[in-house]
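Undergrad: Sequence:
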Amino acid sequence: MIKHVLNIGILAHVDAGKTSLTERLLFETGVIDRLGSVDDGNTQTDSGEIERRRGITIRTAVASFTLGDLRVNLVDTPGHADFVAEVERALGVLDGAVLVLSAVEGVQPHTRVLMKTLRRLRLPTLLFVNKIDRSGAREHDLLADIRRRLAPSCVPLNTVDGIGGRAAVTRPLGDPYAAAEVLAERDDELLELLVDGKTPDHGTVRAALARQCGDGVAHPVLFGSAITGQGLPELLDGVAELFPAVPRIAEEGTATGTATGTVFAIERAASGEKVAYVRLRAGVLRVREPLTFYRGQRQSGDDGGNGRAGQVYEGRLTALSVAGAPGEAQAVAGDIVKVWGVPEVRVGDRLGEPGPASQAHFTPPGLETVVRPRVPGQEPRLHAALLALAEQDPLIGTRTLAGGDTSVLLYGEVQKEVIGETLARDFGVEADFEPSRPVYFERPAGTGEAVEEIQRQGRNDFMATVGLRVEPAPRGSGVGYRLEVDLGSLPQAFHRAIEESVRAALREGPHGWPVTDVLVTLTRTGYSSPVTVAADFRGRTRVVLARALRRAGTVVYEPCHRFEAEVPLEAFGPVTAQLAGWGGVLSEAHRRGEAWVLEGEIPAAAVHEVERRLPGLSHGEGVWWSEPSGDRRLK
Numbered sequence: 001m002i003k004h005v006l007n008i009g010i011l012a013h014v015d016a017g018k019t020s021l022t023e024r025l026l027f028e029t030g031v032i033d034r035l036g037s038v039d040d041g042n043t044q045t046d047s048g049e050i051e052r053r054r055g056i057t058i059r060t061a062v063a064s065f066t067l068g069d070l071r072v073n074l075v076d077t078p079g080h081a082d083f084v085a086e087v088e089r090a091l092g093v094l095d096g097a098v099l100v101l102s103a104v105e106g107v108q109p110h111t112r113v114l115m116k117t118l119r120r121l122r123l124p125t126l127l128f129v130n131k132i133d134r135s136g137a138r139e140h141d142l143l144a145d146i147r148r149r150l151a152p153s154c155v156p157l158n159t160v161d162g163i164g165g166r167a168a169v170t171r172p173l174g175d176p177y178a179a180a181e182v183l184a185e186r187d188d189e190l191l192e193l194l195v196d197g198k199t200p201d202h203g204t205v206r207a208a209l210a211r212q213c214g215d216g217v218a219h220p221v222l223f224g225s226a227i228t229g230q231g232l233p234e235l236l237d238g239v240a241e242l243f244p245a246v247p248r249i250a251e252e253g254t255a256t257g258t259a260t261g262t263v264f265a266i267e268r269a270a271s272g273e274k275v276a277y278v279r280l281r282a283g284v285l286r287v288r289e290p291l292t293f294y295r296g297q298r299q300s301g302d303d304g305g306n307g308r309a310g311q312v313y314e315g316r317l318t319a320l321s322v323a324g325a326p327g328e329a330q331a332v333a334g335d336i337v338k339v340w341g342v343p344e345v346r347v348g349d350r351l352g353e354p355g356p357a358s359q360a361h362f363t364p365p366g367l368e369t370v371v372r373p374r375v376p377g378q379e380p381r382l383h384a385a386l387l388a389l390a391e392q393d394p395l396i397g398t399r400t401l402a403g404g405d406t407s408v409l410l411y412g413e414v415q416k417e418v419i420g421e422t423l424a425r426d427f428g429v430e431a432d433f434e435p436s437r438p439v440y441f442e443r444p445a446g447t448g449e450a451v452e453e454i455q456r457q458g459r460n461d462f463m464a465t466v467g468l469r470v471e472p473a474p475r476g477s478g479v480g481y482r483l484e485v486d487l488g489s490l491p492q493a494f495h496r497a498i499e500e501s502v503r504a505a506l507r508e509g510p511h512g513w514p515v516t517d518v519l520v521t522l523t524r525t526g527y528s529s530p531v532t533v534a535a536d537f538r539g540r541t542r543v544v545l546a547r548a549l550r551r552a553g554t555v556v557y558e559p560c561h562r563f564e565a566e567v568p569l570e571a572f573g574p575v576t577a578q579l580a581g582w583g584g585v586l587s588e589a590h591r592r593g594e595a596w597v598l599e600g601e602i603p604a605a606a607v608h609e610v611e612r613r614l615p616g617l618s619h620g621e622g623v624w625w626s627e628p629s630g631d632r633r634l635k
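The UniProt record's numbering numbers the first residue of the sequence shown as 1 and each following residue consecutively.
Hints in this document: simulated from the structure, not taken from any laboratory. A couple of the hints might just be wrong.
List time: in silico BS3-like cross-link candidates among lysine-lysine, alpha-carbon distance up to 25 Å [stated by the list, open to error]: (1) Lys338 with Lys3; (2) Lys198 with Lys274; (3) Lys116 with Lys274.
Derived CB-CB ranges, DEER-like [unchecked claim]: (4) Gln455 with Glu599: 56 to 62 Å; (5) Ala580 with Pro514: 26 to 32 Å; (6) Arg632 with Pro244: 50 to 56 Å; (7) Ala270 with Leu191: 58 to 64 Å; (8) Gly203 with Gly165: 32 to 38 Å; (9) Arg211 with Gly428: 26 to 32 Å.
Glycine included, each C-beta is placed from N, C-alpha and C at the ideal position.
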């Protein structure tokens with residue numbers, strides 16, 4: 001009987017062997033009887049045609065195996081930075097993570113980004129150093145790199161004999177003293193033993209490691225090979241012993257309580273019906289029960305009750321499938337479950353209770369491309385297909401530009417290629433993409449007001465009165481909307497039409513970019529009953545808002561990243577010159593051994609180009625890391 005469940009993610013820089021490791025774990029635990037290959041396109045988790053052809057993971061996949069009375073749900077996430085949105089969604093439903101490194105390539109740029117995020121979230125993380133059987137594989141100097149660049153409190157649990165060859169084998173580290181030294185910084189019992197000159201026994205050290213790993217402050221390290229299977233028994237032991245599992249009550253009728261959870265992925269069944277992946281946090285979920293979902297979060301404030309509430313909708317569960325136990329009739333806390341019967345569901349929605357404001361763990365898309373159908377007349381079909389894709393991937397948005405064109409937000413060119421292939425294969429629309437351009441945004445420079453009254457004489461296009469004031473709002477606040485008129489001055493449908501039109505119109509400001517950090521106040525209203533309809537307010541609101549924005553003025557800003565680059569001594573000049581050419585501003589440079597460490601700020605739009613060009617500028621030895629760090633006025 002399954003008593004506990006554990007949801008862990010497999011994360012890595014691209015080509016570190018993440019999907020191969022997932023395949024090996026399923027093989028070692030008896031889920032599959034033969035190993036698939038990424039090169040052959042027959043792995044379990046890369047099931048999509050594009051994934052198999054390209055040999056990369058694009059969509060998050062869930063596979064399950066059991067270790068005694070523990071069910072482990074394995075979430076295989078993309079390693080390519082262009083698909084970081086998939087990783088973003090997975091992090092919110094995990095109990096732990098296995099971060100995969102290559103013993104040959106070592107600590108790579110995206111590895112550092114992932115590890116910084118995992119440490120910030122205090123998510124229990126085990127590091128698996130893969131490819132010990134490859135030529136050029138390293139152990140001791142790679143451990144030093146891990147301590148310096150990834151996790152100062154890392155604890156190696158095994159070592160390798162014959163590293164770098166096909167005969168490489170792993171063996172456990174027998175002496176617990178070195179691990180105790182690392183763990184003693186946060187464990188008074190271990191510290192006391194070491195001060196007294198005593199060596200703690202293996203069980204004491206292992207228990208301390210489990211506590212600190214569970215708290216996300218110490219990180220076990222295991223060496224192995226997904227190809228040969230070396231290190232896999234130790235990895236499975238580490239997953240079972242060091243990660244905090246969720247107790248599970250699975251007997252029919254024994255679990256109670258309202259089901260709460262988070263939707264982290266959407267897929268379409270062959271019939272076209274939506275299927276949602278939900279991580280249950282509490283309660284029990286059964287077929288035919290009514291479900292309540294919340295989108296966004298409920299906000300409170302001193303606006304007289306005019307705060308905007310998150311959207312609420314209901315559905316009735318028609319079918320469910322529990323990961324690892326598809327035949328079970330119910331899902332309980334800790335389970336990952338696929339649910340049918342909720343056509344409105346979207347990624348990020350909360351089941352059973354409204355959620356807090358979501359926090360992005362990675363930078364939002366920094367590129368935008370205009371996409372058009374190759375066959376004239378397919379514009380509506382293309383637009384609908386793009387909206388469907390964006391629904392599955394909330395960090396990849398679309399917007400309609402002036403003139404009717406549709407733009408798509410992107411992380412990189414590989415993602416653009418995949419979107420094009422998906423449009424052709426799944427929606428039957430061949431599309432052409434313009435060259436990608438950076439994503440900018442506008443902020444109001446001052447305050448501006450405008451009003452349009454109903455004209456009783458002469459021709460009037462909109463039988464509605466609307467007055468609006470726009471003014472700057474605090475940085476990071478987004479779009480705010482409030483009333484300076486009595487809520488009863490208009491029917492609720494008209495108020496809703498005005499607010500929706502304001503938010504839609506702000507997607508494209510005077511300079512063509514979305515307007516943010518702005519507060520819009522409704523200052524005047526009026527209508528003529530029964531002639532006025534909601535469409536009058538929608539049309540008039542756009543006209544009035546555009547005039548108010550012109551009077552306030554807007555300034556265009558570009559998002560920036562704080563960066564750290566490590567380059568060989570001889571590459572200092574070429575790299576710094578190129579960074580300046582990309583708009584980077586260097587704030588600090590210092591020596592670290594035989595390398596320069598450069599720190600500064602650079603436009604987000606240049607980050608992908610830096611990552612592409614840095615290997616050539618640094619003879620393949622440069623390491624790059626960056627994270628969002630605000631913005632600056634576009635010159």
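Undergrad: All hints are to be evaluated individually against the structure, with a verdict given for each.
TA: Hints, one by one, checked against the model:
no.: 1; hint: Lys338 with Lys3; verdict: 20 Å, holds
no.: 2; hint: Lys198 with Lys274; verdict: 60 Å, violated
no.: 3; hint: Lys116 with Lys274; verdict: 34 Å, violated
no.: 4; hint: Gln455 with Glu599: 56 to 62 Å; verdict: 60 Å, holds
no.: 5; hint: Ala580 with Pro514: 26 to 32 Å; verdict: 29 Å, holds
no.: 6; hint: Arg632 with Pro244: 50 to 56 Å; verdict: 42 Å, violated
no.: 7; hint: Ala270 with Leu191: 58 to 64 Å; verdict: 59 Å, holds
no.: 8; hint: Gly203 with Gly165: 32 to 38 Å; verdict: 34 Å, holds
no.: 9; hint: Arg211 with Gly428: 26 to 32 Å; verdict: 55 Å, violated
Checked against the numbered hints given earlier, this structure breaks hints 2, 3, 6 and 9; the rest are met.
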